[in-house]
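*Asks:* Sequence order for the protein chains is A and B. Each residue of the first sequence is one higher than the one before, counting from 133 in the numbering used here. Each residue of the second sequence is one higher than the one before, counting from 202 in the numbering used here.
The reader is advised that the hints may include incorrect statements.
[To be verified] Ranges of calculated distance between the beta carbons of each label pair, as one might list FRET restraints:
(1) 477/A <-> 436/B: 36 to 42 Å
(2) 415/A <-> 387/B: 33 to 39 Å
(3) 453/B <-> 305/A: 34 to 40 Å
(4) 287/B <-> 442/A: 52 to 58 Å
(5) 318/B <-> 477/A: 19 to 25 Å
These are computed hints drawn from the structure, not numbers from a lab. Every residue, glycine too, gets a C-beta built ideally from N, C-alpha and C.
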Amino acid sequence: MIEKVLKGSPPFYIWLLSLGALVGLGATVYLFQLFLGLQVTGLSRDVSWGFYIAQFTYMVGVAASAVMLVLPTYFHHYKKFKKMIILGEFMAIGAVIVCMLFIVADMGQPQRVMNVILHPTPNSVMFWDMMVLSGYLVLNLLIGWVTLEAERHQVDPPKWIKPVIYLSIFWAFSIHTVTAFLYAGLPGRHYWLTAILAARFLASAFCSGPAILLLLCLLLRRLTGFDAGKEAIQTLTKIIAYAMGINIFFYLLEVFTAFYSGIPGHQHPFGALFGGGHGHPLWVTTWMWAAVVMAIVSFLLIAFPSTRDNNSILPFTLIMLVIASWIDKGLGMLIAGFTPNPFEGITVYAPSFAELTISLGIYAVGALVVSLLWKIALDVKKEAGTF
Amino acid sequence: MKKDRRQFLKVASLSFLGVAGSAALGPVCQAAAPGEGSFTTAKNALHAKKWGMVIDTRKFAENPELYNAVTTACHSYHNVPTIVENGMPSKREVKWIWTDGYHQTFTDQVDNYPSHEIEQRRYLMLCNHCENPACVRVCPTKATFRRKDGIVVMDYHRCIGCRYCMAGCPFGARSFNFMDPRDHIAQVNPTFPTRMRGVVEKCTFCSELLAVGKMPLCVEASDGAIAFGDLTDPESSVRKLLAENFTLRRKPTLGTEPSVYYIL
Ligand code: SF4
Ligand code: SF4
Numbered sequence: 133m134i135e136k137v138l139k140g141s142p143p144f145y146i147w148l149l150s151l152g153a154l155v156g157l158g159a160t161v162y163l164f165q166l167f168l169g170l171q172v173t174g175l176s177r178d179v180s181w182g183f184y185i186a187q188f189t190y191m192v193g194v195a196a197s198a199v200m201l202v203l204p205t206y207f208h209h210y211k212k213f214k215k216m217i218i219l220g221e222f223m224a225i226g227a228v229i230v231c232m233l234f235i236v237a238d239m240g241q242p243q244r245v246m247n248v249i250l251h252p253t254p255n256s257v258m259f260w261d262m263m264v265l266s267g268y269l270v271l272n273l274l275i276g277w278v279t280l281e282a283e284r285h286q287v288d289p290p291k292w293i294k295p296v297i298y299l300s301i302f303w304a305f306s307i308h309t310v311t312a313f314l315y316a317g318l319p320g321r322h323y324w325l326t327a328i329l330a331a332r333f334l335a336s337a338f339c340s341g342p343a344i345l346l347l348l349c350l351l352l353r354r355l356t357g358f359d360a361g362k363e364a365i366q367t368l369t370k371i372i373a374y375a376m377g378i379n380i381f382f383y384l385l386e387v388f389t390a391f392y393s394g395i396p397g398h399q400h401p402f403g404a405l406f407g408g409g410h411g412h413p414l415w416v417t418t419w420m421w422a423a424v425v426m427a428i429v430s431f432l433l434i435a436f437p438s439t440r441d442n443n444s445i446l447p448f449t450l451i452m453l454v455i456a457s458w459i460d461k462g463l464g465m466l467i468a469g470f471t472p473n474p475f476e477g478i479t480v481y482a483p484s485f486a487e488l489t490i491s492l493g494i495y496a497v498g499a500l501v502v503s504l505l506w507k508i509a510l511d512v513k514k515e516a517g518t519f
Numbered sequence: 202m203k204k205d206r207r208q209f210l211k212v213a214s215l216s217f218l219g220v221a222g223s224a225a226l227g228p229v230c231q232a233a234a235p236g237e238g239s240f241t242t243a244k245n246a247l248h249a250k251k252w253g254m255v256i257d258t259r260k261f262a263e264n265p266e267l268y269n270a271v272t273t274a275c276h277s278y279h280n281v282p283t284i285v286e287n288g289m290p291s292k293r294e295v296k297w298i299w300t301d302g303y304h305q306t307f308t309d310q311v312d313n314y315p316s317h318e319i320e321q322r323r324y325l326m327l328c329n330h331c332e333n334p335a336c337v338r339v340c341p342t343k344a345t346f347r348r349k350d351g352i353v354v355m356d357y358h359r360c361i362g363c364r365y366c367m368a369g370c371p372f373g374a375r376s377f378n379f380m381d382p383r384d385h386i387a388q389v390n391p392t393f394p395t396r397m398r399g400v401v402e403k404c405t406f407c408s409e410l411l412a413v414g415k416m417p418l419c420v421e422a423s424d425g426a427i428a429f430g431d432l433t434d435p436e437s438s439v440r441k442l443l444a445e446n447f448t449l450r451r452k453p454t455l456g457t458e459p460s461v462y463y464i465l
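Taking the hints into account, I'd like the entire structure generated from these sequences.
*Replies:* In structure tokens:
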């Protein structure tokens, strides 16, 4: 099937080339980081994780979100998702690859990454995270490829793939749970030390991931004419609406516990995010409030059928929802974990130019992977008459 | 350790073989593998079941020169780089032992009308060599580990620089080498290894000196203001001080069980 990527239209190749250019740019800047060390980032002694780890966390959610298509299809025999399910699985593959690259980009000694395997340490959540992520990558590659191959030959997928798919459903929950455990088990980081963190991560993943997928599907419809089906889209938007509602609800639960209990340690990170520090708003404060507004507006728009099923409003709703969830998880989550620092002080962190460029390059790798995989999937569908 | 290194070399030589794809290289790799290693413990080495430290902050307040004496003794011997930015300590600085105010050190002591004198004092901070260390728990490579005598140390050659330990340590005891530290050491002490960029480091309770029968450098430089000894021995200097004085530990409610005590 691989040969499908060889036959594309000129715009497709221009798209690939531009992504390639971004990858090249990111790789070049990464070389500087490799030789100069992480001093090229905005990180510091007090804020020792930042943009890279935040993007990793966000993309684990996107990877896990494929389950929102797989679960209804296989547990509830919901047939309408059949057509687009492969897109979700292939997007998960791209997302996992992005996650892994962000982890490597964040390392001080990336050439030693195999130490995690050579000296397996089961008491470290990071060890488990590496295991479940690699496993999820393999599962999705296997499932995606086997089901697509079957679709190409217009036969049913082999029986043995069913249990693998069921496994992948549980596995999807595990990757984001383990990623939440990376944070939720650390003493002294109050913003993270919350039993609901894994649940929050899943809720935010299950609204933002499908929203990204849906946005891409809408784009695909314009570019290639591939239609996921009206009913499939409407069902997915409902899933997004519920997940977003739960996501907002969970966040408010955190706010209640912190402020009703009145315990300073629990309040301070919220104070820093939404109020700033030492009387000055932090740059992230503006972003957080923007996220609040976008979260509320997008939720209202997607909660009511009249706006939810309106095709000209939907893209804007989804974009707002994705940005809001990205600010929450891709900016606020990490910054508030380290603010205030262990000395009750505030060390300001902002990603540097190098950090942003490298991140852009990594995202371009993900986009490249997804573009190629989706190209294959759509060409197969065209041949098989399931386009 | 020994076994781990052998294992690593085995894997490394195997992968090398794979790449080279030539059986002829086999004997060469084997010849490069190390023989049985061995080490002996010096006769005068100092031992304890659990090393601990008691810092008498009153004595430091009486004799403020001690702060500098203590931190300089540690940092110059251990090749800790001095990283400054615009004349100020950089936010990427490396430090093993340093001073800060009362509220920064004892963040749990949120007394709203503290004694003026206590609030004015400076307090030394360093790794607490916790009995239940979060840094060890989270490290994915065992590069940070706890020795039998309670000292938490690092293998700088195994550390992958993921900085999970820094997120895990609630005391801000750890520093990361954001840049090559060798460019920031005024005078290198050849008897102690320098570190490289991309790894984490912290106080070692001078385990390398204990091994040759010497007390930690900060203890020696403190003119009796810091006591160091076995916390499990009721007759030790540290236990006696603890029995006679009111002491605090940093963030005790987090359950890491610090081994560094402060006499207020
Ligand atoms: S103070 Fe921090 S670095 Fe030192 S042992 Fe405790 S948790 Fe680990
Ligand atoms: S930075 Fe090094 S010592 Fe710290 S957790 Fe990672 S591998 Fe372990």
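*Asks:* Determine for every hint whether it applies to the structure shown.
*Replies:* Hint-by-hint comparison with the structure:
| no. | hint | in the structure |
| --- | --- | --- |
| 1 | 477/A <-> 436/B: 36 to 42 Å | holds (40 Å) |
| 2 | 415/A <-> 387/B: 33 to 39 Å | holds (36 Å) |
| 3 | 453/B <-> 305/A: 34 to 40 Å | holds (36 Å) |
| 4 | 287/B <-> 442/A: 52 to 58 Å | holds (54 Å) |
| 5 | 318/B <-> 477/A: 19 to 25 Å | holds (23 Å) |
This entry satisfies every hint, going by the numbered hints stated previously.
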